[in-house]
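Visitor: If you're matching them up, the sequences are chains A, B and C in order. So the first sequence is numbered by the numbering used here: it starts at 1 and just counts up by one. So the second sequence is numbered by the numbering used here: it starts at 1001 and just counts up by one. So the third sequence is numbered by the numbering used here: it starts at 2001 and just counts up by one.
Source of the hints: derived by calculation from the structure; they are not laboratory data. Here the structure is a predicted model, which is why all the values come from computation and not from measurement. Worth double-checking, as some hints may not be accurate.
[Said to hold, decoys possible] Label pairs and their computed distance ranges (CB to CB):
no.	chain 1	residue 1	chain 2	residue 2	range
1	C	PRO2076	A	ARG100	19 to 27 angstroms
2	A	THR119	C	LEU2102	55 to 63 angstroms
3	C	LEU2006	B	SER1064	33 to 41 angstroms
4	B	LYS1060	C	GLY2263	48 to 56 angstroms
[Unchecked claim] Incomplete in silico selection of chain C near chain A, CB under 8 angstroms:
no.	residue
5	ALA2009
6	GLN2060
7	PRO2061
8	GLY2074
9	LEU2082
10	GLU2146
11	THR2148
12	ALA2150
13	LEU2158
14	GLN2244
Idealized CB from N, CA, C, for every residue including glycine.
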Amino acid sequence: MTATAVSVKPASLLLEGVSVERAGRVVLANVSLRARGGVIAVLGPNGSGKTTLLRALATVTSQAAGLIRVDGLDPTDPSQRLQVRSFLGYGPQAMRFHPRTKVFDAVDYVATLRLDLPTAPRQRETWRVIDVLDLGRLAGNRLSSLSEGNRQRVTIAQGLLGPPRFAVFDEPLVSLDPEIRLRCQNALGDLGRRCTIVMASHLVNEAASFADQVIVLGQGQPAFVGTPAQLIAEGGGQTATHGYLAVRGAGH
Amino acid sequence: MSVASSDAELLRRIATGDRNALGNLYREHSGWLMVRLQRRCGDPDLADQALQDTFVAVWKSAASWRGDGDVGAWLWGIGVRRLVDVLRKQKPRTDEDQNAQPAPSAEQMAMDRRLSGPLASAVASLDPDLREVFLLANLDQLTTREISILRGIPQGTVKTRLARARRTLKAELGSATQGDAA
Amino acid sequence: MTVSDLQLAAYRDGRLDPVSDAAVEELLMVDQTLRKRLGALAPPNRLDSVWLEVGHAIDQPAPGWLERVAGRLGVPEPAARLAGATPTLTRAWLYGIGGLVLLSLILSADTTQGDQRFLSYLLLAPLLVVLAVAAAYGRSTDPTHEITIAAPLAGIRLLLWRVLAVAPTAMIMNLAVGFLLRAGRFSFAWILPALACALATLALTTTLSVRRSASIVAAGYVVVVGMVAAGSADNLVAFRASGQLVFAVLAAVAGGLLVVFRGRLEEAVLR
Chain A
1 MTATAVSVKP ASLLLEGVSV ERAGRVVLAN VSLRARGGVI AVLGPNGSGK TTLLRALATV
61 TSQAAGLIRV DGLDPTDPSQ RLQVRSFLGY GPQAMRFHPR TKVFDAVDYV ATLRLDLPTA
121 PRQRETWRVI DVLDLGRLAG NRLSSLSEGN RQRVTIAQGL LGPPRFAVFD EPLVSLDPEI
181 RLRCQNALGD LGRRCTIVMA SHLVNEAASF ADQVIVLGQG QPAFVGTPAQ LIAEGGGQTA
241 THGYLAVRGA GH
Chain B
1001 MSVASSDAEL LRRIATGDRN ALGNLYREHS GWLMVRLQRR CGDPDLADQA LQDTFVAVWK
1061 SAASWRGDGD VGAWLWGIGV RRLVDVLRKQ KPRTDEDQNA QPAPSAEQMA MDRRLSGPLA
1121 SAVASLDPDL REVFLLANLD QLTTREISIL RGIPQGTVKT RLARARRTLK AELGSATQGD
1181 AA
Chain C
2001 MTVSDLQLAA YRDGRLDPVS DAAVEELLMV DQTLRKRLGA LAPPNRLDSV WLEVGHAIDQ
2061 PAPGWLERVA GRLGVPEPAA RLAGATPTLT RAWLYGIGGL VLLSLILSAD TTQGDQRFLS
2121 YLLLAPLLVV LAVAAAYGRS TDPTHEITIA APLAGIRLLL WRVLAVAPTA MIMNLAVGFL
2181 LRAGRFSFAW ILPALACALA TLALTTTLSV RRSASIVAAG YVVVVGMVAA GSADNLVAFR
2241 ASGQLVFAVL AAVAGGLLVV FRGRLEEAVL R
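Chain A with its partners taken away, still in its complex shape:
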């Protein structure tokens, strides 16, 4: 009804030979990918450079080598990242907020930062994302009173503000019970129709179930990049987890 009705084009994403080094060791090597719209799931164990890659895409770090372009802009370049931020949604891992802040205020605070709107339409947009995640009844509750899963929903909700044309979520599906996880997957899937979403996850099957592309990071190895179907095929046609293990075990 509000901003959602406006047809917006998802941002294009181009990764070419992207690597992350930590303490002189390559933890993420040679990721190449091209996308416009849809959900791209980045899978890999802790320490595989997922978070660094995502933070680089979200314009908050420059510690990634290689070519990264979001709508032709380099999110690691200080002079270009402000432009990227104007259409970016970002849900960091374990997003932190002052615990006494109320749910509505937390989301509306991010809306104030991110959207250049007068109060009334801005708060309508805040309510829109709160309703998408079905957080309405909790809007007046303090973050400290929420379960971890509900705090996770707040993180996802604020990432939908705008709505963005490019969004980055670090482990958005963690600590959600199945019913709510499905709701969040649907929310991200819906957003994926007019937004390019990069999402890190260690929940292989769940992420593969609604992702359009999958990146599996290997420790210092070139990664697997393909569709969920291709990943499942790698695992002998069983599940995405089988494919994930096969890809990583083989050092693809």
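Got chain A sorted already, so can you dock chains B and C onto it with the hints?
Guide: Relative to the frame of chain A, chains B and C by itself:
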């Protein structure tokens, strides 16, 4: 009446913070309130705002309902006053708005709660400006000030029109009329 | 009287003849069935969206006290929102204001020194403004930092919004304390020093962190003004006409530097 008693029951539950009860009350009454509020102001957006404010007020003040009488009439009393508040908060109308106003406004009138027989036809035959003001005062029980806000006319004009309406009605119906509400 | 569906639709649209219209209005005051029938003629999508808005209005928390106070002082709503949602600010605030009020009360008790007793007040008042600037943007104290820097409003605009949100309160507190002390014209003598200190803090922020800049400026201000006062028979000499002129020049220089290096401030505040 079962509907009335269930309405009262809903209000009691709303007073304890039961949102589902508010939802049920909304389902029961929002429709006719919306139509009637829109008849009073001629503007769907203002009617919607007044309807919203009405149920927010019900949520906050359900406990203040005395527990007798018709819940629907109580709701309407809140609704029409919310409508006045909404109009009061509106920015001053621009010239364009004022030009656009008369068309919907001319269709709007309210009728006295005791209207029937000769009084009804006497009221119906009043000049539309007089009739409107007379009915807002008697049917919706609005004050001169509230009518002046709702209609966007000065309070003095409201008073003059009310007095003229009463004089006309008295003349038509003779001294036995009871339509001249205080 | 029975009302037909056709008549009811005509009532809804305001097309019913006056006599029947009056009858419908009258019946609506008492007739539950008629209400239900009329309700069925209301647009369902509008009823749904009003219901959604009712929920929002009920569930939306009222703004906190800081936001309300800031709003009443004329602070723009987005600035008040940004300040109010950052409790670190509130806390730094309360300490600052509490400290100043306490000190002012202690100082006002000693009336033997005449005008000279205002020195501490004039030393402290600009510091409250510097504190406001420092509290306005701090990585270490802002748990939302990660999300904040990824927003387009990050950097200088956010810093200035927040300064705008807290500075008027600081000014008013200072003036209030001045009147409480019956400091007369000295109630205003801190304004130029405060402006110079605030601008100097922002100018330094182009190369240092906000907190470090604020600490350096605050310390520098206290030391220099303190030394000037100690070296002169009149300990308020820094706040008389010549001193004010120096602060005005300093403010202009700092402001100029800020304009020249504003591009670097954009990057710097992210540290």
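Visitor: Does GLY2074 of chain C pass the interface check with chain A, least Cβ-Cβ distance below 8 angstroms?
Guide: Hint on GLY2074 of chain C: violated, closest Cβ of chain A at ~15 angstroms, above 8 angstroms.
Visitor: Hint GLN2244 of chain C vs chain A: min CB-CB distance below 8 angstroms?
Guide: violated, 38 angstroms
Visitor: Quick check on the hint: GLU2146 of chain C CB to chain A CB, less than 8 angstroms?
Guide: holds, 5 angstroms
Visitor: Using Cβ atoms only, decide whether THR2148 of chain C comes closer than 8 angstroms to chain A, and label the hint accordingly.
Guide: holds, 6 angstroms
Visitor: Does the beta carbon distance between LYS1060 of chain B and GLY2263 of chain C stay inside 48 to 56 angstroms, or does it fall outside?
Guide: holds, 51 angstroms
Visitor: Double-check ALA2009 of chain C for me: the hint is only fine if its C-beta lies closer than 8 angstroms to a C-beta in chain A.
Guide: This interface hint is violated because 27 angstroms lies over the 8 angstroms limit.
Visitor: Please check whether GLN2060 of chain C passes as an interface residue: C-beta within 8 angstroms of a C-beta belonging to chain A.
Guide: holds, 6 angstroms
Visitor: Classify the hint on LEU2082 of chain C as holds or violated, based on whether any CB of chain A lies nearer than 8 angstroms to its CB.
Guide: Status holds, d = 6 angstroms.
Visitor: Can LEU2158 of chain C be said to touch chain A, with a Cβ gap under 8 angstroms?
Guide: holds, 7 angstroms
Visitor: For the hint on PRO2061 of chain C, just tell me whether its beta-carbon gets within less than 8 angstroms of chain A.
Guide: holds, 4 angstroms
Visitor: Just to be careful: measuring from the Cβ of ALA2150 of chain C to every Cβ in chain A, is the smallest value less than 8 angstroms?
Guide: holds, 4 angstroms
Visitor: Given the range 55 to 63 angstroms, decide if the beta-carbon distance of THR119 of chain A to LEU2102 of chain C lies inside it.
Guide: Given about 36 angstroms between the Cβ atoms, the range is violated.
Against the hints set out earlier in the document, violations occur for numbers 2, 5, 8 and 14.
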